[in-house]
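Participant: One letter stands for each residue in the lines below.
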Amino acid sequence: MDFKELLAPYMDEMLRCTRCGFCQAACPTYDALRMESAVARGKIQLLLSVLNGRLDLSPKLSYYVYRCLDCRLCQQTCLSGVRTDEIFEGARRWLAHVDALPAPLRALEERVFTSHNIAGEDNTHRTLWQENMNLEVPAGQPAEAVFFVGCVASLYPMVYSIPQAFVQVLQRAGVTFTTLGGEEWCCGYPLISAGRDVEPLIEHNIRAVEALGARWLITSCPSCYHTWKLKYPPASFQVVHATELLAALIDEGRIVPAHPPALRRAGDTAGPLRVTYHDPCDLGRKSGVYDAPRHVITSLPGVELVEMSTHHALATCCGGGGNLESIDPELSAQIAGRRLAQAQRVKAEVIVTACQQCQRTLGMAARRQRLRMPVMDVAELLLSTLEEPA
Amino acid sequence: MPAGSSAMIDESILHALREIVGPEHVLTDPEDLLLYAYDASIHSGRPDVVVFPESTEQVSRIMALAHAHRIPVIPRGGGTNLSGGSVASQGGIVLTLSRMTKVREIDIPNQRAVVEAGLYNLALQEILAPYGYLYAPDPASQKVSTLGGNVAENAGGPHCLKYGVTTNHVLGLEVVLYDGRVIQLGGKAFDTPGYDLVGLLVGSEGTLGVVTAVTVRLLHVPEAIKTMLAIFDDLDGASQAVSDIIAAGIVPATLEMMDQLMMRAVEEATHAGYPTDAEAVLIIELDGLKDGMEEIAEQIVEICRRNRARAVQVARSAEERDKLWAGRRGAFGATGRIKPAYLVNDGTVPRTALPQVLRQVREIGQRYGLPIGNVFHAGDGNLHPLILFDPREEGILELVERAGAEIMRICVEAGGTITGEHGIGLEKIHGMPLIASPAAIQAMRWVKEAFDPIDLLNPGKVLPQTSVGVPS
Ligand SMILES: Cc1cc2nc3c(=O)[nH]c(=O)nc-3n(C[C@H](O)[C@H](O)[C@H](O)COP(=O)(O)OP(=O)(O)OC[C@H]3O[C@@H](n4cnc5c(N)ncnc54)[C@H](O)[C@@H]3O)c2cc1C
Ligand code: SF4
Ligand code: SF4
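Keeping their order, the protein sequence lines are chains Y and H. Residue 1 is where the first sequence starts when you use the working numbering, and the numbers rise one by one after that. Residue 1001 is where the second sequence starts when you use the working numbering, and the numbers rise one by one after that.
Just so you know, the hints here were simulated from the structure itself, not pulled from any lab data. These numbers were taken from a predicted model, which means no experiment stands behind them. Don't be surprised by glycine CBs; every beta carbon is placed ideally from N, CA and C. Fair warning: there could be bad hints in the mix.
Sample of chain H residues lacking proximity to chain Y, with all beta carbon distances greater than 10 Å (derived) [as the list claims (entries may be wrong)]:
| id | residue |
| --- | --- |
| 1 | Gly1022 |
| 2 | Leu1065 |
| 3 | Asn1110 |
| 4 | Val1114 |
| 5 | Leu1235 |
| 6 | Leu1370 |
| 7 | Arg1409 |
| 8 | Gln1465 |
Which chain H residues face chain Y? A few, computed with CB under 7 Å, are given here [to be verified]:
| id | residue |
| --- | --- |
| 9 | Asp1029 |
| 10 | Leu1034 |
| 11 | Thr1080 |
Make the full structure from the sequences, and use the hints.
Facilitator: Here is the structure:
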């Protein structure tokens, strides 16, 4: 079986591509590689050739399809309105069905289905980020709000600071919440974007949250947010992104940013701190949340928000989108470097984002370049402006 | 794969290419060959190998190798041309300049810049903007078409009505010849002694040499800009207004026309604010000194009114203007919303003939039962009728090509020509005899012979095969 019927429904959509090549201008992987295999026009022509019987399935074809940030910039800018997201999703489902997943994704799949997290660690390690904090983080207790921490934030020490900052802000605002602790399973995002079905993960997670009687599920990870909101079946609770909650808490006066962020170093210029905000693809373009994080940032004293040359719906991906980091870490880093250059051009002192994957990707690139530009989460920046609790 | 060509490229040649540009910049897998088999036209042709040099020296070595082994070379920029110009119709090496993007020199006091051929047109504009300068030719594809491709096609754009096309702004070229020798033609000076080989190379569609760097003329960003949208309920009125504006001695920076079918596609794509219930609009832009601009604008409004314009709106902000232009630039791309494919004609006619030719185009569309949209450089009389179709329909391609050929013919009959800016490539090769006598084609062939006696560079393009021999 070649399962081409999984690809065939996208034929019409693919034929709408006029091969104008305009997607070259928007695609971050094309910008870095300057090869047609990187860009939507090229991927679409390859897939059409498969359907027309002019090209056979091969590891290279699969590699080209997966070497993509799933950032949707091509679709956002395509004048023919070609739904590249649907086409690529269909293509990846097809490739997953015919067992043509690139090796790193196969390994990822194995890890997620056996350990229930992307790192392949014992799932109880999900709570390690809470150690060394003067704060008890509840787990598995009935509560109105469940904080779904996400694999990256709970298992990659470089970004432990995100959930740590977020729960501290929640605590100061008097929000009662719980987590799923070791019962949190990967939301399935990386496998869905690889083309796999993740029913067991979906069922487990929904059941676990519902069992706690929650009305809200809060995620700080945009990919979890996007997945819960748009890929999971509707549940009895509402899915909220951390920045939406933080913006509401500020509006209600439950948290009061009191002083400028303590980020300045000796010798820095006076005046407000120049902060730029990097829109995570999964939060902005793919879920439509642009204002809440900006609202939080502009509510802080001593902070000036400056936009990079691309922002909101046209924001360039950080390089950590889709499964690119697993497929081609070097390319992912290169793309991150280009986004950092955009921040430098507007003379930002700090890059703030709302995604642990963006923060990792940009932070690692900054380190490689020896660039002294902190990359932090909205919650971290906010926390740094609050009065110490008495 | 074209007969014979794959045999030409054996492992030792691939090895040599890898030595020159590095193994990751030599592609031969079927997937990669397919990815370089098309451009923005309806033509295709698979190369045997694709290479990505990053310096003139590498291009030179590739050409020397190709020359020694008699392998065709097809230069390629962004692959956005509309005439099959960059497809490997006879196999060979596709030589992609996408990695050659360096800015070699920005010389503001002398208003010149020297840049490599793979740089996008828009990237150059962005580099110049902080200095208050611009490079005038602005093809609608500027964000993804390269300076090398612009030179090779002698690209035009909306603002070329006032400022002229690529050839008027290119002063020097670094060119790699068919055998690998590198020559510098022209330079920063306005004119160089001897034959105007820069002029010859511009528009040569990759058939005379590989352009590796371009010396361009820079212009000051104008002091003031005024963008107007004249809305018409009939096509005749719009085209007569164009004719009248030019006849009144006014030279706006742009004078573009878009008809209803195109406006509908564009609006769906960009929400630029075009009136989709109107038959046609003119996008008229004035630029230059503030002084006197208002009077010219009033004169234009008056001419439009006289030709039954429903309204003439003025863009109130830079944002509104940008939106209108984004819509205009995106027009070809947006046709995918109507039909999956298009054949775009590029004929040029005297402006006085516009109303009549547009009527004939419409009539051809009706006769063939094919939707034809129009969005074009009206001020230059450079038509772009887009014949929209679905390639899956049986026999449609032949119908489309016949309609296209008829349009070419009416342009020539009206005293015009078959292409204004998109080049001949493969697509219009059959139309060449319509505009050039056998002797003129022969003269062109002699030029080709002089530059490329063994037909290595982009073979099979531009010049129709003739039975007339070439001088030995
Ligand atoms: C939506 C759309 C709108 C367009 N609008 C316009 C417009 O307004 N005006 C206009 O003039 N054109 C327009 N075009 C056509 C096209 O963009 C131009 O012809 C452009 O100049 C091609 O540049 P490229 O870099 O894509 O070249 P390619 O398509 O890669 O190549 C074009 C030709 O140039 C040759 N070539 C490329 N680079 C070199 C080089 N370095 N040395 C020698 N030969 C070379 C190739 O062999 C080929 O023959 C449009 C195209 C599209 C799809
Ligand atoms: S911009 Fe859209 S229509 Fe143009 S080549 Fe890319 S996918 Fe195709
Ligand atoms: S989704 Fe992003 S990375 Fe992938 S082809 Fe589109 S623009 Fe390029």
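Participant: Take the hints in turn and mark each one as holding or not.
Facilitator: Structure-based check of each hint:
no. : hint    : result
1   : Gly1022 : holds, 13 Å
2   : Leu1065 : holds, 21 Å
3   : Asn1110 : holds, 27 Å
4   : Val1114 : holds, 21 Å
5   : Leu1235 : holds, 23 Å
6   : Leu1370 : holds, 16 Å
7   : Arg1409 : holds, 26 Å
8   : Gln1465 : holds, 27 Å
9   : Asp1029 : holds, 5 Å
10  : Leu1034 : holds, 6 Å
11  : Thr1080 : holds, 4 Å
Hint compliance for this structure: no hint is broken.
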